[in-house]
Amino acid sequence: MQTMNGAQLIIKLLERQSIDKIAGIPGGANLPLYDALCESQTIRHILCRHEQGAGFLAQGIARATGGAGVCFATSGPGATNILTAIADAYLDSIPVVCITGQVPASLIGTDAFQEVDTYGMTIPITKHNYLVRKAEDLLHIIPRAFELALSGRPGPVLIDVPKDVQVAEVSFEKWPTPGSRQEQPPADMERLRAAADMINRAKRPVLCLGGGIIHAGASEEAKGLIERGSIPATMTLMGLGSLPADHYLSMGMLGMHAARSTNIALQDCDLFIAAGARFDDRATGKIVEFCPEANVIHMDIDPAEVSKLKAAHIGLVGDVKQTLGKLIPLITPNEREIWRNQIEVLQETYPMTSPEATVPDKPYGLILKVAELLDEDGFVATDVGKHQMWTAQVFPFNRPRQLLTSGGLGTMGFGLPAAIGASLAYPDKTVVLFTGDGSLQMNIQELATAVEQDLNVKIIVMNNNSLGLVRQQQNLFYQKQIFASDFQIDIDFAAIAKGFGMKAYNAEPGCDLDQLFEKVLGQPGPCLINIPIAKEEEVYPMVPPGASNSEMLGGCNAEQCK
Amino acid sequence: MRNSANNTIKAQGKDMTVLELTVNNHPGVMSHICNLFSRRAYNVEGIVCIPIGKGETSRMWLQVNEEVKLEQIIKQVKKQEDVLEVERHDSGHEVFLRLASVV
Ligand SMILES: Cc1ncc(C[n+]2csc(CCOP(=O)(O)OP(=O)(O)O)c2C)c(N)n1
Numbered sequence: 218m219q220t221m222n223g224a225q226l227i228i229k230l231l232e233r234q235s236i237d238k239i240a241g242i243p244g245g246a247n248l249p250l251y252d253a254l255c256e257s258q259t260i261r262h263i264l265c266r267h268e269q270g271a272g273f274l275a276q277g278i279a280r281a282t283g284g285a286g287v288c289f290a291t292s293g294p295g296a297t298n299i300l301t302a303i304a305d306a307y308l309d310s311i312p313v314v315c316i317t318g319q320v321p322a323s324l325i326g327t328d329a330f331q332e333v334d335t336y337g338m339t340i341p342i343t344k345h346n347y348l349v350r351k352a353e354d355l356l357h358i359i360p361r362a363f364e365l366a367l368s369g370r371p372g373p374v375l376i377d378v379p380k381d382v383q384v385a386e387v388s389f390e391k392w393p394t395p396g397s398r399q400e401q402p403p404a405d406m407e408r409l410r411a412a413a414d415m416i417n418r419a420k421r422p423v424l425c426l427g428g429g430i431i432h433a434g435a436s437e438e439a440k441g442l443i444e445r446g447s448i449p450a451t452m453t454l455m456g457l458g459s460l461p462a463d464h465y466l467s468m469g470m471l472g473m474h475a476a477r478s479t480n481i482a483l484q485d486c487d488l489f490i491a492a493g494a495r496f497d498d499r500a501t502g503k504i505v506e507f508c509p510e511a512n513v514i515h516m517d518i519d520p521a522e523v524s525k526l527k528a529a530h531i532g533l534v535g536d537v538k539q540t541l542g543k544l545i546p547l548i549t550p551n552e553r554e555i556w557r558n559q560i561e562v563l564q565e566t567y568p569m570t571s572p573e574a575t576v577p578d579k580p581y582g583l584i585l586k587v588a589e590l591l592d593e594d595g596f597v598a599t600d601v602g603k604h605q606m607w608t609a610q611v612f613p614f615n616r617p618r619q620l621l622t623s624g625g626l627g628t629m630g631f632g633l634p635a636a637i638g639a640s641l642a643y644p645d646k647t648v649v650l651f652t653g654d655g656s657l658q659m660n661i662q663e664l665a666t667a668v669e670q671d672l673n674v675k676i677i678v679m680n681n682n683s684l685g686l687v688r689q690q691q692n693l694f695y696q697k698q699i700f701a702s703d704f705q706i707d708i709d710f711a712a713i714a715k716g717f718g719m720k721a722y723n724a725e726p727g728c729d730l731d732q733l734f735e736k737v738l739g740q741p742g743p744c745l746i747n748i749p750i751a752k753e754e755e756v757y758p759m760v761p762p763g764a765s766n767s768e769m770l771g772g773c774n775a776e777q778c779k
Numbered sequence: 010m011r012n013s014a015n016n017t018i019k020a021q022g023k024d025m026t027v028l029e030l031t032v033n034n035h036p037g038v039m040s041h042i043c044n045l046f047s048r049r050a051y052n053v054e055g056i057v058c059i060p061i062g063k064g065e066t067s068r069m070w071l072q073v074n075e076e077v078k079l080e081q082i083i084k085q086v087k088k089q090e091d092v093l094e095v096e097r098h099d100s101g102h103e104v105f106l107r108l109a110s111v112v
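Protein chains in written order, with the working numbering: chain A, 218 to 779; chain B, 10 to 112.
Take the hints with a grain of salt, since some may be wrong.
Estimated spans, in silico, between C-beta atoms of each pair [stated by the list, open to error]:
no. : chain 1 : residue 1 : chain 2 : residue 2 : range
1   : B       : 29        : A       : 297       : 51 to 61 Å
2   : B       : 100       : A       : 462       : 50 to 60 Å
3   : A       : 444       : B       : 90        : 32 to 42 Å
4   : B       : 39        : A       : 561       : 28 to 38 Å
5   : B       : 39        : A       : 331       : 33 to 43 Å
6   : A       : 437       : B       : 39        : 25 to 35 Å
7   : A       : 696       : B       : 100       : 46 to 56 Å
8   : B       : 90        : A       : 526       : 45 to 55 Å
Here are a few chain B residues that sit away from chain A, every Cβ distance over 10 Å (derived from the structure) [unchecked claim]:
no. : residue
9   : 36
10  : 37
11  : 48
12  : 56
13  : 66
14  : 67
15  : 88
16  : 93
17  : 95
18  : 98
19  : 111
Mimicking BS3-like on lysine-lysine, the simulated pairs with C-alpha atoms at most 25 Å apart in a straight line are [what the hints assert, rightly or not]:
no. : chain 1 : residue 1 : chain 2 : residue 2
20  : B       : 84        : A       : 527
21  : A       : 351       : A       : 579
22  : B       : 63        : A       : 527
23  : B       : 88        : A       : 525
24  : A       : 525       : A       : 503
25  : A       : 527       : B       : 87
26  : B       : 78        : A       : 527
27  : B       : 88        : A       : 527
28  : A       : 420       : A       : 586
29  : B       : 78        : A       : 351
30  : A       : 503       : A       : 527
31  : A       : 420       : A       : 579
32  : A       : 525       : B       : 84
33  : A       : 503       : B       : 78
34  : A       : 720       : A       : 646
35  : A       : 525       : B       : 63
36  : A       : 646       : A       : 586
37  : A       : 697       : A       : 752
38  : A       : 752       : A       : 579
Since the hints were derived computationally from the structure, they do not count as laboratory data. Please read all numbers here as calculations on a predicted model, not as lab measurements. The C-beta atom is built at its ideal place from N, Cα and C for all residues, glycine as well.
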């Protein structure tokens, strides 16, 4: 017979889940939990400086490893602060288990100090959530929360625990089995045959790899299908890394900031195969005009995604790794020379970059330089804005989970804490963060966490002293009326980083950036480099929001496109 | 407000699809279902919910005024952790007809 209080039970159950890191901030309503955590021999607590940072740090761990990330927050403001990170995890299907403190059950509903309806507020942004009513319920809730977060389409689960439940005594006979990812079967054979038949008959197929490929660990199978059928492949932002960028059949990212050649090819394909991708509007543009000629095969583990936005001719519901594995032998090898040639010509006509754009102090140039210097097994995190899209466009991602970026929610402030999380998960690897001066300011307090934990996080601030991507939209779509997107003061980010105790450099215009990158990437520990970028540098091509992907603006040789 | 006679009949449930759910009975389950419908902009015209058996589960009837989105709605409802079963009644359900006689 085991006897302990609810808080101790939670910590023990987390240990049994093999959780070894928890990010969070304590407060009145979760102090019993912290008191119990203090006793743990195996769990290390990462004290963040804002609960949103803790949520993103847990996400960083989850995104880099594929396992569940865990974060703690207190009731009221702690809970509301962490919501953005939870919503972000929901939209990108990231397994996070968030445990919040709540006022004692007897005070719920009385507008008690630091009481908010965390349960009610998190219904629409979690895969599932719990308000724990009895301490013994934790025995099934905690393992089930992990099982839910990790199984099927992953996602965040929130557990709200009133303070009296944390201190209540529980006695029980037997420990529950830890919750784990439940395997799902592949799509059924009859549909697989139909899909193979459709692929074999297609003259101009394209395979689109989404984040689901990465969640399912299906990149080898995806490559198998691509190579066997010579099927050109594109990736969503969340799918980047699932096929190496330099693969001969890779067309890079699709959508709003895709290479012109990729979007043009998609408009012309006769079969669009989505694998673990959900037809997000940033990827498809105006959906009714997306791949207008094409049949659609949609593979997804979540049945609700199939035909949600675009009717699928064949839906393959099931584990995408197994589905692809079963599909490959049914595919007739086919060189598809005409189609591949057509795409190659497009790629030559509309390259993503130009020699002028890849000099080291231009956005593409500096990203490519960092890529050259970063170890094969390093990670890249981004924030949200132009710097994110430039990175997605040209960084040669070559393995799943290498990129950590906020796709669905597009949350500025994601980058720094997520990079810290990845670095905690892999302390021997280097994590580079490409951020903007706007985004960095949204969770800049986490510089303290990076220093305190002494991690190999290299922060590259692409500083255009503006909310660049917003400014670009005003420039293009609001008659150049630039309003509220230019900052009026110059911030010395290097001085700020130094104030937190971090090594930092200001790259003066004309300085030797290559040398600076080499130095920074060669030394251990956290570091920040501030690099001025001209405000006028825009991300192209760009599909105007709401327009068809065929209506791209700008980019190399845009004038040749009629 | 419904004015036309046709709509009044519809509201009484004669030919509006009714989804009959068996759900875990706990205080949050109604919020989960109602939130799903409002968040995804699905029209629900009527809801009835009562505990069944020993009170561990509840039965819920949702009168759904959606044709195009119906398949999508059912998939989303089935995904809910607390939903144990979903049954679809395309020609309505007598629960609503009987209720209509008392309101
Ligand atoms: C939390 C949040 N608020 C607002 C936005 C809208 N937004 C998108 S990009 C952007 C500007 C980003 O600026 P910065 O981080 O400096 O990157 P840049 O575009 O200049 O590279 C803004 C305000 C957002 N994505 N997230």
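Now for the hints, and whether the structure bears them out:
1. A hinted range of 51 to 61 Å for the beta carbons of residue 29 of chain B and residue 297 of chain A is inconsistent with their spacing of about 37 Å.
2. As the Cβ distance of residue 100 of chain B to residue 462 of chain A is approximately 55 Å, the hint placing it in 50 to 60 Å holds.
3. Checked against the hint of 32 to 42 Å, the C-beta distance between residue 444 of chain A and residue 90 of chain B comes to roughly 39 Å, which is consistent with it.
4. One distance hint, 28 to 38 Å for the beta-carbon pair residue 39 of chain B and residue 561 of chain A, is violated here, with the actual separation near 57 Å.
5. Our hint of 33 to 43 Å for residue 39 of chain B and residue 331 of chain A is violated, since their Cβ atoms are close to 26 Å apart.
6. Checking the proposed 25 to 35 Å range against residue 437 of chain A and residue 39 of chain B shows it is violated: the Cβ atoms sit about 45 Å from each other.
7. Here the CB-CB span from residue 696 of chain A to residue 100 of chain B is close to 55 Å, well matched to the stated 46 to 56 Å.
8. Under the hint 45 to 55 Å, the C-beta atoms of residue 90 of chain B and residue 526 of chain A, about 24 Å apart, miss the expected range.
9. With a least beta-carbon separation of about 8 Å from chain A, residue 36 of chain B fails to lie farther than 10 Å from that chain, contradicting its non-interface assignment.
10. A beta-carbon of chain A comes within 10 Å of the beta-carbon of residue 37 of chain B; the shortest separation is about 6 Å.
11. The non-interface label for residue 48 of chain B is inconsistent with chain A: the shortest C-beta to C-beta separation is roughly 5 Å, within 10 Å.
12. With a least CB separation of 16 Å from chain A, residue 56 of chain B remains clear of the 10 Å interface cut-off, as annotated.
13. Annotated as non-interface, residue 66 of chain B keeps its C-beta farther than 10 Å from every C-beta of chain A; the closest such distance is 16 Å.
14. Non-interface call for residue 67 of chain B relative to chain A: holds, since the shortest CB-CB distance, roughly 17 Å, exceeds 10 Å.
15. The beta carbon of residue 88 of chain B is not kept farther than 10 Å from every beta carbon of chain A, the shortest such distance being approximately 6 Å.
16. No Cβ of chain A comes within 10 Å of the Cβ of residue 93 of chain B; the nearest lies about 14 Å off, and the non-interface call holds.
17. With 10 Å as the threshold on Cβ separation, the claim that residue 95 of chain B sits away from chain A holds: the shortest Cβ distance comes to roughly 12 Å.
18. No Cβ of chain A approaches the Cβ of residue 98 of chain B within 10 Å, the least distance being about 21 Å, so the stated non-interface status holds.
19. Residue 111 of chain B, annotated as away from the interface, keeps every beta carbon of chain A farther than 10 Å; the closest lies near 31 Å.
20. Using a Cα cut-off of 25 Å, the hinted pair residue 84 of chain B and residue 527 of chain A holds, with the two alpha carbons roughly 15 Å apart.
21. Only pairs whose Cα atoms come within 25 Å are accepted, and residue 351 of chain A paired with residue 579 of chain A is rejected, the gap being roughly 58 Å.
22. Of the supplied pair hints, the one linking residue 63 of chain B and residue 527 of chain A is violated, its CA atoms being roughly 43 Å apart against a limit of 25 Å.
23. A threshold of 25 Å between alpha carbons decides the hint, and for residue 88 of chain B with residue 525 of chain A the separation of about 14 Å falls inside it, so the pair holds.
24. Taken as a hint, the residue 525 of chain A and residue 503 of chain A pair is honoured in the structure, with Cα atoms around 15 Å apart against an allowance of 25 Å.
25. Distance check on the hinted pair: residue 527 of chain A and residue 87 of chain B sit about 20 Å apart at the alpha-carbon level, within 25 Å; holds.
26. Distance check on the hinted pair: residue 78 of chain B and residue 527 of chain A sit about 12 Å apart at the alpha-carbon level, within 25 Å; holds.
27. Of the supplied pair hints, the one linking residue 88 of chain B and residue 527 of chain A holds, its CA atoms being roughly 20 Å apart against a limit of 25 Å.
28. For the proposed pair residue 420 of chain A and residue 586 of chain A, the alpha carbon gap of about 38 Å is over 25 Å, so the pair is violated.
29. For a cut-off of 25 Å, the pair hint linking residue 78 of chain B to residue 351 of chain A is broken: about 38 Å separates their Cα positions.
30. Distance restraint check for residue 503 of chain A and residue 527 of chain A: the Cα-Cα separation of roughly 11 Å lies within the 25 Å cut-off, and the hinted pair is therefore satisfied.
31. The straight-line distance between the Cα atoms of residue 420 of chain A and residue 579 of chain A is roughly 39 Å, outside the 25 Å bound, and the hint therefore fails.
32. Straight-line distance between C-alpha atoms of residue 525 of chain A and residue 84 of chain B comes to about 10 Å, which keeps the hinted pair within the 25 Å bound.
33. About 19 Å separates the Cα atoms of residue 503 of chain A and residue 78 of chain B, which keeps this hinted pair within 25 Å; it holds.
34. Restraint check for residue 720 of chain A and residue 646 of chain A: satisfied, since their Cα atoms lie roughly 18 Å apart, inside the 25 Å limit.
35. Annotation: proposed proximity of residue 525 of chain A to residue 63 of chain B is violated, straight-line Cα distance about 37 Å (limit 25 Å).
36. Under the criterion of a C-alpha separation no larger than 25 Å, the hint pairing residue 646 of chain A with residue 586 of chain A is consistent with the structure, at around 18 Å.
37. A threshold of 25 Å between alpha carbons decides the hint, and for residue 697 of chain A with residue 752 of chain A the separation of about 13 Å falls inside it, so the pair holds.
38. Distance hint between residue 752 of chain A and residue 579 of chain A is fulfilled; the C-alpha atoms sit about 11 Å from each other, no more than 25 Å.
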